[in-house]
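With these hints in hand, go ahead and build the complete structure from the sequences.
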Amino acid sequence: MQKIIDLLIKENVLEEAKLKLFINKYSEEKLSIVNLLKVRLIQYDKMEEVLLQSLRLQSIQLNDLEGIAGIDTTVLLKKQAERLGVKYIDIPDVDIDYKLIKRLPLKQLIRYNVLPLYVEDDQVTVAFENPGDFEAKGAIERFFHGKIMEVALGRKEIITQVLGRLHEHEKVEEYSLNIKTDLEQGGAESPTDESPAVLKLIELILSSAIDKGASDLHIEATEKHCIVRYRIDGMLQENFRTEHIIFSPLSSRMKLLSNLDIAEKRKPQDGRFTKIVNGRVFDFRVSTLPTMFGESIVMRVLDKTKALVQLEDAGMNAISYKKFLKGIHAPYGIVLVTGPTGSGKTTTLYGALNEIKDVKDKTITVEDPVEYQMDGIQQVQINASSGLDFPAALRSILRQDPDKIMIGEIRDQETLRIAIQAALTGHMVISTLHTNSAVSAIGRMLDMGIESYLISGAVVAIQGQRLVRKICQSCKEEAVLSPVLLRDIKKFVPENSKFYVGKGCPVCNGSGYVGREMISEVLPISDILSTMIANGATKDELEKQAIKEDFFSMFQDGLRKAREGKTTVEEIIRVARA
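Counting from -15, one number per residue, gives the positions in the sequence shown under the numbering used here.
Please keep in mind that the hints were generated in silico from the structure rather than gathered at the bench.
With a Cα cut of at most 30 Å, we get these calculated DSSO-like pairs of lysine-lysine:
#, residue 1, residue 2
1, LYS4, LYS307
2, LYS9, LYS306
3, LYS62, LYS30
4, LYS(-13), LYS482
5, LYS532, LYS482
6, LYS164, LYS86
7, LYS131, LYS121
8, LYS164, LYS196
This is the structure:
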């Protein structure tokens, strides 16, 4: 949003002096386009004119405006189309004629970012990213002999998405055919053969997964097919399927990359490899499992840049961030991050490490496995087969004179006991624990056999977190909630609150969601809570006291983000409702 604020100041739509007065009076947290319009520091018509001009000159992109409350990008596109003398088409609402697209060279469509949509009588409707591009119009019109081409304005991202998916499927078909031909001609009988088509298909699979933001890749053999699926925003989506014959050379090459035994197909195997994809370095953690028709290959994508994430960029709300920051900067004690598998706990831990690491301190981590390598800290990889499990590693670490310790995951009583003893003897310890909420982590530690007085003395703060899917900004619209949902959330939200939903489009693959964001709750252990824990207070009693101390739950944080238009009420209830 800062880019837009700067633009409005530069174009004299917003006075910088008045903006400073606004921030002094209401605080920077209240700074938004909606609030600036409310107090009349911005006139909507003038702002709209500047935005349209800037879009035309391409000094800003539509993406810069997406998700900013008070700016409707669809309205801007419609006005832009009106000025160009063409109509605006909302591509997700159109039944695209893919046979029509196949009549044109895909390279030409991608070059000009143009998407033919449908034919009606003698008229072909074509969506252009830039309807004022005469070269593009001339190049495309030549393919429609005897028909009139109606030019329309379409969203750039959606056109790019549809064409990208068509290009990907075209390449998969091409590489699969080449692999099949190699096999039939005996050119790739040995699984170690570096068939160019196999290598290209693997490059395509990895590149596509990274582009789509997949956290995991699944390559599976069924009776008749080889299926490739990606886990995107926590949900599996089928990307493509090809003939079963493709699976064997594909899996053999994957095993070679991961230093696995290509001849072993009856036992599960684990490996990993590092590869540069789209100019960035990624680690891929690989697991194979024998199944009825071959093997299931699953790869976890580990983006090395995520190890450099700043804690303030992890998605925490401002209040939770301040509480968590205070916790990890305590001189000693244990800070726990809780949540289910896949809730972003490891990313939060690395963000915390980035925040607290210091050349004056010795920082050691013990992980299984080491997911991201970081400079300035010592990282220990668990190796159970050689006797280096979590308790053994922790005991050794304590003899290394550490100041700060990160434990990848607390799984058993022994690990937890050593971690608490370390916290009580002057070390800062951060770790993760599998519980449903921050408060329930206390009960979990008691269940694991740790005495209440140790917990009360060692624990500084507990964070609970989840990842919720974000609404796709390309197809976002206001939602009408059912009476049941409204009744369910009534006591947590103000009256007349507005909520939003994604109706589904090519950008989000019809799901209505793109990307994920953290919702969180942070429970600092105050002196009162510490005393209550030592005296064996119940979960309900601890929750009541926490609320008195301004604690708010993940569910409340999620509903706040739903009101801001970042996610849906249904998603919050699915993920965070206890």
